[in-house]
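Asker: First to last, the sequence lines map onto chains A and B.
The numbering of the first sequence is the working numbering, which starts it at -7 and goes up by one.
The numbering of the second sequence is the working numbering, which starts it at 16 and goes up by one.
There may be inaccurate statements among the hints.
[As the list claims (entries may be wrong)] The list that follows gives simulated cross-link-like pairs (lysine-lysine, DSBU-like), each with its CA atoms no further than 30 Å apart:
id: 1; chain 1: B; residue 1: LYS335; chain 2: A; residue 2: LYS89
id: 2; chain 1: B; residue 1: LYS335; chain 2: B; residue 2: LYS276
id: 3; chain 1: A; residue 1: LYS215; chain 2: A; residue 2: LYS119
id: 4; chain 1: B; residue 1: LYS578; chain 2: A; residue 2: LYS89
id: 5; chain 1: A; residue 1: LYS119; chain 2: A; residue 2: LYS144
id: 6; chain 1: A; residue 1: LYS88; chain 2: B; residue 2: LYS584
id: 7; chain 1: B; residue 1: LYS513; chain 2: B; residue 2: LYS537
id: 8; chain 1: B; residue 1: LYS392; chain 2: B; residue 2: LYS466
id: 9; chain 1: B; residue 1: LYS335; chain 2: B; residue 2: LYS392
id: 10; chain 1: B; residue 1: LYS466; chain 2: B; residue 2: LYS537
id: 11; chain 1: A; residue 1: LYS88; chain 2: B; residue 2: LYS571
id: 12; chain 1: B; residue 1: LYS335; chain 2: B; residue 2: LYS385
[Stated by the list, open to error] Ranges between beta-carbon positions, derived for each pair:
id: 13; chain 1: B; residue 1: ASP470; chain 2: A; residue 2: VAL106; range: 48 to 56 Å
id: 14; chain 1: A; residue 1: LEU148; chain 2: B; residue 2: GLY183; range: 44 to 52 Å
id: 15; chain 1: A; residue 1: MET108; chain 2: B; residue 2: VAL110; range: 48 to 56 Å
id: 16; chain 1: B; residue 1: THR251; chain 2: A; residue 2: MET108; range: 21 to 29 Å
id: 17; chain 1: B; residue 1: LYS513; chain 2: A; residue 2: VAL413; range: 37 to 45 Å
id: 18; chain 1: A; residue 1: VAL379; chain 2: B; residue 2: GLY111; range: 46 to 54 Å
id: 19; chain 1: B; residue 1: ASP470; chain 2: A; residue 2: LYS142; range: 51 to 59 Å
id: 20; chain 1: B; residue 1: GLY183; chain 2: A; residue 2: ASN138; range: 45 to 53 Å
id: 21; chain 1: B; residue 1: PRO455; chain 2: A; residue 2: PHE117; range: 48 to 56 Å
id: 22; chain 1: A; residue 1: SER128; chain 2: B; residue 2: PHE370; range: 49 to 57 Å
id: 23; chain 1: A; residue 1: VAL413; chain 2: B; residue 2: ILE93; range: 23 to 31 Å
id: 24; chain 1: B; residue 1: GLU388; chain 2: A; residue 2: LYS142; range: 35 to 43 Å
id: 25; chain 1: B; residue 1: VAL110; chain 2: A; residue 2: SER81; range: 26 to 34 Å
id: 26; chain 1: B; residue 1: ILE93; chain 2: A; residue 2: VAL116; range: 32 to 40 Å
No lab work stands behind these hints, which were simulated from the structure alone.
Backbone N, C-alpha and C fix where the C-beta goes; we use that ideal spot for every residue, glycine too.
If you want the building blocks of each chain, they are given just below.
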Amino acid sequence: MRRRTLNRSLASRLLWNLLLLLLIQPMACATSQPDVARPHEPHRQLESPQPQRDEPQRRPHDEPEKSEPEDAENRWPYRLLAAPEYAWSGLAYPFKKLAIAYERHDVMNRTLDVFMTDERTAGVFPKFALGGTLSSGIGFTAFNNNLFRKNKEVRLSYLLATRENQVSEASYQDPSFFGSQWFLDSNVFWLNFDEGHFFPGGNRSQERDQTNFELKQLAWDVKLGRRLIGDVSAAITGRILIADAKGSDRLPATPVSVTGNNSSMTALAVEPSIWYDSRDNPFRSTRGWFVEGAFTYTDQVDRDQFRYLGYRFEIQRYIPVFRGDRVLLLRWYLAKQDGVGGGSIPFYELTLLDLNNGLRGFDRGRWQDEGALLFNVEWRFPVWQDVEGDIFVDEGQVFGSYKDIGLQHFRYSVGGGLRFVSTRKFGFRIQAAASEDGVLALIRGNLEFTRRRAATLGF
Amino acid sequence: MKTSYAGSKQSARSLRSLSRWSAVALVFALVGCSSESAMHRPILVEADDRRPISEPQEETEGQWALWDGVDKMVFYRIGQLVNLGYSVRTIGTWVGLADPLEAQNVDAFDEVPDSTWFSNRHPVRHLSRDELARGPAIGSGPDLTGEWTAISAKESLGSTPGFVIRDGRNDVYLLKFDPPLHPEMTTASEMISSRFLYAAGYHVPEHYLVEVDPSRITIGAKAKFRGRYHVPRPMTQDDIRAILERVPHRPDGKIRAMASKFLSGVPKGPFLYAGQRHDDPNDHIRHENRRELRGLRILAAFLNHTDTKAANALDMYDPKARYLNHYLIDFSSTLGADNADPQLPRFGNEYFLDFGTIGRSMVEAGFYVKPWEIPIKMEYPSVGYFESEYFDPERWRPSYPNPAFLRTTLRDAYWGAKIVTSFTDEDIEAIVRTGGFTDPRAARQIADVLKARRDKIGRYYFSLVNPLDRFTVSEGPSGEQALVFDNLAISRNYAPAKSAIYQYTILRREEKGVDSALVPEKIAVEPRIPLNVTFDQAPPRQARESPDHGPVTTVKIRTSYDKGTHWSKTVTVYLQFDPEQGTFQLRGLDRET
C-alpha cells in the first residue's frame, strides 16, 4: 500500500516535470517568426560596384522595416535560471563599491603616504605577529633606505607580543663608511620573552622533551668589512652579548642543571669572516655562489664561566634553469662550537639547526647542540608575475662531536610554498613543511636564508 | 514482508533517481536548445536601433579599471558559473546535448546588420587604399595655424602621457605622446589600429598624426589637471612641461603626437561588454550576445589589442537625432605597444590573473614552460614587442576576460576571421604606412607580423568552419539557375590544397516533418551547384507557399580538399522559389560548427 502511494507520488512528480518540460521547452526555445520580407537581391555580401562612404541613414522610426530579434537570454526562463547570478551580484555589490571608492580616491597612495615618504624611501609601517614564536603581537618598523641621501640604511623594529614578550631590532648599514671602500653594518637586537624552547638531548631529543625558559638578551654587532678582490670580501665583527636566562613559568621549565640556565652573562665576541659572493641579487638570487667561512671567539667578561670558539662554513649554489627564472638552490652548512680554556657554552648560544630556517617543519630550537650539519635542496619556479613557488627538501642533524655524525641521524623535512616579491626591498614567503613532528607553516619577511638573530624568531 | 519492503525501497529509490534525472533533463531541455535556424532569423540590412530616446544617464561603472578587472577576473566568472541557464547550456555543449548560445543580432545570412554599433565596410564593399588610409578621418586634424589651448589632462588612468587641447577651429583633441625609449611606438599603434577597426566596421574616433610645437600650447583659464590623489586642480605650465619632458623630441624641438578628435555628442560613459543599458530602449540585445563584440575578439587578436576593457569603449548621445552611438576608443595597447611600454611577452597569451596558467604552473612545479616565456628579440624600439611566432588565434586573450569574448563561438570567430582575412597584403601595407614610421624597416616588420597573424587566423578558423561564402544565384544564358559561391579558404589561400570538391544534396524544406530529397547526394568540382529542380511534381503543400512564400529549398554542402577522404562541416543554404518568376532567391544560411 505504502509502496503504491510512494510510487504514485513519484510518478506524479515525474509527470509534472514532463508536463512542465513540454510547456517550458517550446517557450524557451521558441523564436517568434519575424516577418519574412522578400529577400534582397543581390544579397549585400556581394561587392558593391560603387562603394558608399556614408554611414547608413536613419530610418524613420515609424516605418520599421525589420527589427532585430529579442535576445533569447532575456526570456523569462533564462532570467529565472539566472536568479543565482543576480543573488551573487548582490553579494558582490559592496566589493564593487569599495573597489570603485578605492580607485576613485586613490586609497593606495593615500595609505602609502601615511606610512612612507613620497619617494617611498622612508617611513613607518605597522608590524603584526600572528601565532608563531612570539605568539601574537603588534609593533612597527621605521626605516630610511637613503639616509642623508647617501644610500645609508637605517631600520628600527619593535614588537610587543602577548605575555609581555618584547623584541626589538635596530640596524644601520653604510655601504661606504666615511666614503671609503669599507662598509659598516651595525645591529642591535633586544629580546625579552618567556617562550624559549630547549630540547635537552640534542639530536636524540623527542618532541615531548621540550622545556621552557625565559631569556632577556641584548646583542650588539658591529661589522666592518670590505671587498678584497672580485667577489671576495672579508669582515670583522665585534659583539657585545648580555643575556640572562632562567626557567619559565610555563612547565616544564628548563632544568637548572642545563649550562647557562639561571645565570647571566656579559660577553665580548670577535668574529673574522671571509666570503665569496657571486650571486646576482642577494635579496632574491637566481644565479651564483655564496661561500662563507667564519670563526667566532666569545669570552665572558663579568665572570669566567663561558668561553668558547665557534666556526661555521656555508656554501650556497644558485643554479639557473631554463631562462634563469627557475632556480635550483643547493645549500650545505656546517657549524661547530667548542669550549676553550675550561669555559663552557650557555645552552641558548648552542648552534641551532634552524637558526636561519634551515630545517623547516620543526619547532624553533628543536635541534640544538655544539655542532650542526645541514643540507637544503630548493626548487624555485615562477607562478605569477611577482609570485614564485618553491619545493624543498631539508635534512640535517646536530651533534656534540664529529664522531656522532651518522647517516641514520639525519632529520628530514619536505615542503613547499609561495614567495611574494614586489620590490627589491620587500618580499615574503609562506611555506609549509612536513617532518616527523608534523606539519608546520612558516611566514617569513625575507626570501633567502638569513642569519640574523631576529630571523630566528621570524621577526 | 521484508523482501517486499526492500523492493519498495529500491523501487522508490529508482523512481526518485528517475525524478532527479527528469529534473536535470528539464533544465537541459530548458536551456540546451539547438541553435536557431536561419529560417527563423530576419533578413536585415540595418538594425532598427536609431529610434529617438530620452537622454540616458552617464554610465560610470565601466570607467573604473580596477573594479572592471577584478569583476571580470573573479566576480563575473563566478556569476556565470552560478547562472544555471548559461552553465548548464555550456555543459550541454561540452557533452554534445546542446549548441552554444549563438549571437543574437545576426540576420538570416549570419551577418551583422548595420547599426549604431557597427557598419559593414571593408569586408562587404572593398575600400580603396585611400579610404583605408583615411579611416574615419573626415578633416585634416588640428588647426596648425593658431594657438592650442590646453583644457585638461588626460582623464583616463592609462599611463600614456597626454592632455586635451582646443584648436583655433574650436575643435577638441586628445593629444597622446610616445614614451622616450620607444619613439613612434604608441602613436603609430593608435593610428594603425584605429584604421583597421574602422575598416572592419567599428565606430572609432578620428586619429591624426601631428607635430606639436610646445610653444604653441597655452593653458586655458579653466584648465584642470588630475592632481595628487586624483583630485582635480588648476593646470599650470609646470604640468605641461612635466608631460612634455617625458616624451621624445625631434631635433627641431617639435614633438610627434597622435591627436584624437573628440567625438560629437554627449559622452555617456563606456558601454559594458555584458548586459544592456536599461535606459536605452534601442539596446535590446545583451552586449555579450552581440556578434560584433564577440567577433571583435578575432580583430583584437589580430591587432594584439590587449586592453579591451570597458573603459576603452564609449557611448555618445546624439542630442539632435536622440540616440546613442557606440564607439571603441584608445588603441595605445595594440600591436607592440602597451601604453608607454612595449607589450610584455605574456600579454595576449594569458590574462593578468590567469587561474589556468597559475594553476598549471603550480601543479607542474615549474616544469611547464609556457611557449611565450622565451621572448622574441625586439628589433625596433618603434615597433615594441609584436610577434607572430607564438601567436595562437585560439589561445589569444586580452589583459583580463572580456564577457563578449568569453562567449565567442566558432560562428562568431569565423565572422571575425572573414573580416581579418579580407585585408590583402597591400591593404595592410597601406594602413601601416599611416603609422608614420621614420624607419621603413619598422613599418615592414609591423606589416609582416600583421600578415602572418592574419594568415594564422584564416588558416585556423577556415579549417574549423566550412568557409563557403558570398552565395549568389546565377542564371545562365538558357535560363538554368545555379547556386554560386566563393570558398574563402581557396580564394584567400588558406586551404590545404589548391582546389576542392563539394558534396551537396538539395532538399525541399518542410516546416513540419522530414525534408524530402529533390537531388540526392552529388559532387561538384566547381563552386557552382546547378539548381535543376522543379516543383511541378510537388504542388504547394502549405497555404504559405504563395508567390511571396514559395517552397523553400535547402542545399547542404560539404567540402573536401583531398578528393573525398575527409569532408568538412556542412553549410546549409536556404533558397526560396518564386513560382511566378520561376527563380530562386537566397533566404539564409546555417553553418555547422
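Asker: None of the hints should be skipped; say for each whether it holds.
Answerer: Hints versus structure:
1. LYS335/B x LYS89/A: Violated: LYS335/B and LYS89/A sit about 34 Å apart, past 30 Å.
2. LYS335/B x LYS276/B: Status holds; Cα separation ~20 Å.
3. LYS215/A x LYS119/A: Answer holds: LYS215/A to LYS119/A is near 27 Å, not above 30 Å.
4. LYS578/B x LYS89/A: Outside the cut-off at roughly 61 Å; violated.
5. LYS119/A x LYS144/A: At roughly 22 Å apart (the allowed maximum being 30 Å), LYS144/A and LYS119/A satisfy the hint.
6. LYS88/A x LYS584/B: 44 Å, violated
7. LYS513/B x LYS537/B: Status holds; Cα separation ~21 Å.
8. LYS392/B x LYS466/B: OK: LYS392/B and LYS466/B at ~19 Å, within 30 Å.
9. LYS335/B x LYS392/B: 52 Å, violated
10. LYS466/B x LYS537/B: Violated, because 37 Å separates the two Cα atoms, which is more than 30 Å.
11. LYS88/A x LYS571/B: Outside the cut-off at roughly 50 Å; violated.
12. LYS335/B x LYS385/B: With Cα atoms ~53 Å apart, LYS335/B and LYS385/B exceed 30 Å; violated.
13. ASP470/B x VAL106/A: 48 to 56 Å: With a Cβ separation near 54 Å, ASP470/B and VAL106/A satisfy 48 to 56 Å, so the hint holds.
14. LEU148/A x GLY183/B: 44 to 52 Å: 60 Å, violated
15. MET108/A x VAL110/B: 48 to 56 Å: 54 Å, holds
16. THR251/B x MET108/A: 21 to 29 Å: For MET108/A against THR251/B, whose Cβ atoms are near 26 Å apart, the range 21 to 29 Å holds.
17. LYS513/B x VAL413/A: 37 to 45 Å: Given a distance of about 54 Å, which is not inside 37 to 45 Å, the answer is violated.
18. VAL379/A x GLY111/B: 46 to 54 Å: Distance hint for VAL379/A, GLY111/B is violated at roughly 38 Å.
19. ASP470/B x LYS142/A: 51 to 59 Å: Holds: the Cβ-Cβ distance is about 58 Å, inside 51 to 59 Å.
20. GLY183/B x ASN138/A: 45 to 53 Å: 48 Å, holds
21. PRO455/B x PHE117/A: 48 to 56 Å: 53 Å, holds
22. SER128/A x PHE370/B: 49 to 57 Å: 33 Å, violated
23. VAL413/A x ILE93/B: 23 to 31 Å: 28 Å, holds
24. GLU388/B x LYS142/A: 35 to 43 Å: At roughly 39 Å between Cβ atoms, LYS142/A and GLU388/B fall inside 35 to 43 Å, so the hint holds.
25. VAL110/B x SER81/A: 26 to 34 Å: About 28 Å separates the Cβ atoms of VAL110/B and SER81/A, which means 26 to 34 Å holds.
26. ILE93/B x VAL116/A: 32 to 40 Å: 38 Å, holds
In summary, the numbered hints that this structure violates are 1, 4, 6, 9, 10, 11, 12, 14, 17, 18 and 22.
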